[in-house]
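Chemist: Let the hints inform the model, and build the full structure from the sequences given.
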Amino acid sequence: MIKLYHILEFFQSVDGLKQFQKGENSFESQHVCSLSYDSEILLIKGTVLASQRDKQYDVQIDINADRTIKSGFCSCPAGQGRCHHMAALLIHAHHNISKTDKSCQWKRQKAPTDDTCVPIEQLFANPEQQDYRALGTVLPQAIKDQLYQDVTSEYGLHPGVSFLLMEEIPDDALTVHSLEAIFTQDEFLQSTDKAQFLLEHAKVSAEVVKTVEQLTIGQRANPNWLLARRFVLTASNFFAILRAIRLNRFPPSLFKTLLGSYDLDGVLAVQWGKNHEEDVKKIFEQCFKIKVKPCGLFLHESGLLGASPDGLIGHDSLLEIKCPYKWKGDDLEEVLQKESNYIVRIKNNILEVNKDHCYYDQIQGQLHITKREHCNLVIWTTKSFVHVSIDKEESWAANISMLLNFYYNIFLPAILSHGKVGE
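For the sequence shown, UniProt numbering assigns the number 1 to the initial residue and increments by one for each residue that follows.
Everything labelled a hint here was simulated from the structure, so no lab data went into it. Being a predicted model, the structure only gives us computed values, none of them experimental. Keep in mind that a hint or two might mislead.
For each label pair, taking beta carbons as the anchor points, the in silico distance ranges come out as [stated by the list, open to error]:
{"#": "1", "residue 1": "357", "residue 2": "94", "range": "40 to 46 Å"}
{"#": "2", "residue 1": "196", "residue 2": "338", "range": "50 to 56 Å"}
{"#": "3", "residue 1": "247", "residue 2": "210", "range": "35 to 41 Å"}
Straight-line C-alpha distance at most 27 Å; calculated BS3-like pairs for lysine-lysine [to be verified]:
{"#": "4", "residue 1": "274", "residue 2": "328"}
{"#": "5", "residue 1": "383", "residue 2": "281"}
{"#": "6", "residue 1": "383", "residue 2": "355"}
{"#": "7", "residue 1": "371", "residue 2": "274"}
{"#": "8", "residue 1": "326", "residue 2": "281"}
{"#": "9", "residue 1": "291", "residue 2": "281"}
{"#": "10", "residue 1": "45", "residue 2": "322"}
{"#": "11", "residue 1": "70", "residue 2": "293"}
{"#": "12", "residue 1": "371", "residue 2": "289"}
{"#": "13", "residue 1": "256", "residue 2": "326"}
{"#": "14", "residue 1": "45", "residue 2": "274"}
{"#": "15", "residue 1": "45", "residue 2": "203"}
{"#": "16", "residue 1": "210", "residue 2": "291"}
{"#": "17", "residue 1": "210", "residue 2": "274"}
{"#": "18", "residue 1": "355", "residue 2": "281"}
{"#": "19", "residue 1": "55", "residue 2": "326"}
{"#": "20", "residue 1": "22", "residue 2": "70"}
{"#": "21", "residue 1": "274", "residue 2": "291"}
{"#": "22", "residue 1": "3", "residue 2": "70"}
{"#": "23", "residue 1": "3", "residue 2": "210"}
{"#": "24", "residue 1": "203", "residue 2": "274"}
{"#": "25", "residue 1": "282", "residue 2": "392"}
{"#": "26", "residue 1": "355", "residue 2": "326"}
{"#": "27", "residue 1": "371", "residue 2": "282"}
{"#": "28", "residue 1": "383", "residue 2": "274"}
{"#": "29", "residue 1": "371", "residue 2": "326"}
By construction, the Cβ of each residue, glycine as well, lies at the ideal position given by its N, Cα and C atoms.
Modeler: Structure, rendered in structure tokens:
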């Protein structure tokens, strides 16, 4: 199901090919401990041993419907980009997952059956011997011709050295605003008033806001996005934070969420939304004859709050998409007439917005941080979709100061006490 060509395409950069080679070694060394495949949400998950076998890393791979690779994540330090643990799991998946495999079928890489130590010269055939062949079988000429055609059509006649002719990435494109960089400065660590230090050094200009947004387009699939939003309070968590402030209760689970201790990528509802987001954008564009522009992370001028809408529309609107998994096969018109606690509901045949729902704070946060006036909220199921426009509520701006006070007085001490900086 997973073609080697698609794996190589995923690791096509110079450093990526090195990771692919390391992944081959890891696969051959039996470092893949487990593998699962969910055919419904097109998700591959597994665990892979570290090089020194002292720990296991969790790996997740999102694939497209055509079986190309969309994105990957690994819990190792390098796993926000491309790492050899991803390569090892993908190679294992190539050998073990077929098109007919159903969800949640686990396959484990077989452990070595013989640990006998032998001289290295006995492990490999001698290239000088007569009839030496690197492969166990002779490849048919048709396969060789197809491979040659695929490689040369993609990379030219000299793929082995083509990277030498590629443009170098400019130095300024490799840096992105990062709170973690501030937290690890000696000046911050030695300061007596860390909140004041953060107030002075974290704030960003309009130019930096624009640069960060451009450098983080692609969001979850972009390592810059993952770096830039670390320790930033993002709009998706505003409801939980504001509720905690009003109740004056700050449970440990809140800080685990804000510090990224919970991995939600494997949750079916989250995967369902991620896998269908692009499809919903296309449906929206076709129905309303509107172009949706991709975007990255928008920072508040404080540098401590952020928002990543699902897209931008024109100069004053944004797009937010919701794909409720619990209603994935239902007709929304029927559901919303019965359901009164969702972000939108149908009352007396009129579609109205529920301002008490957690998504409302998320949307208002997005509007205020991006400085836009309207949000096009699209709710989608496989049977239907609903569109509603939500305007920016000026009075909601009072929550910004509450969120910043929470950051300085509650969240910053939690960051330092949890020891998350530099991890």
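Chemist: Now tell me if each hint is right for this structure.
Modeler: We went through each hint and held it up to the structure:
1. 357 to 94: 40 to 46 Å: For residue 357 and residue 94 the Cβ distance comes to about 43 Å; the hint holds.
2. 196 to 338: 50 to 56 Å: For residue 338 against residue 196, whose Cβ atoms are near 51 Å apart, the range 50 to 56 Å holds.
3. 247 to 210: 35 to 41 Å: 37 Å, holds
4. 274 to 328: Roughly 13 Å between the alpha carbons, so the hint for residue 274 and residue 328 holds.
5. 383 to 281: 16 Å, holds
6. 383 to 355: 26 Å, holds
7. 371 to 274: 25 Å, holds
8. 326 to 281: Cα-Cα ~20 Å, so holds.
9. 291 to 281: Holds: residue 291 and residue 281 sit about 9 Å apart, inside 27 Å.
10. 45 to 322: 24 Å, holds
11. 70 to 293: The given pair, whose Cα atoms are some 19 Å apart, holds under the 27 Å limit.
12. 371 to 289: 24 Å, holds
13. 256 to 326: Satisfied, since the Cα-Cα distance of roughly 25 Å is no more than 27 Å.
14. 45 to 274: 16 Å, holds
15. 45 to 203: 38 Å, violated
16. 210 to 291: 20 Å, holds
17. 210 to 274: 25 Å, holds
18. 355 to 281: This hinted pair holds, its Cα atoms lying about 24 Å apart.
19. 55 to 326: Outside the cut-off at roughly 36 Å; violated.
20. 22 to 70: 21 Å, holds
21. 274 to 291: 20 Å, holds
22. 3 to 70: 14 Å, holds
23. 3 to 210: Not satisfied, since the Cα-Cα distance of roughly 38 Å exceeds 27 Å.
24. 203 to 274: 31 Å, violated
25. 282 to 392: 25 Å, holds
26. 355 to 326: 21 Å, holds
27. 371 to 282: 25 Å, holds
28. 383 to 274: Since the Cα atoms of residue 383 and residue 274 sit roughly 18 Å apart, the hinted pair holds (cutoff 27 Å).
29. 371 to 326: Violated, because 32 Å separates the two Cα atoms, which is more than 27 Å.
Taken one by one, the earlier hints fail for this structure at numbers 15, 19, 23, 24, 29, listed in ascending order.
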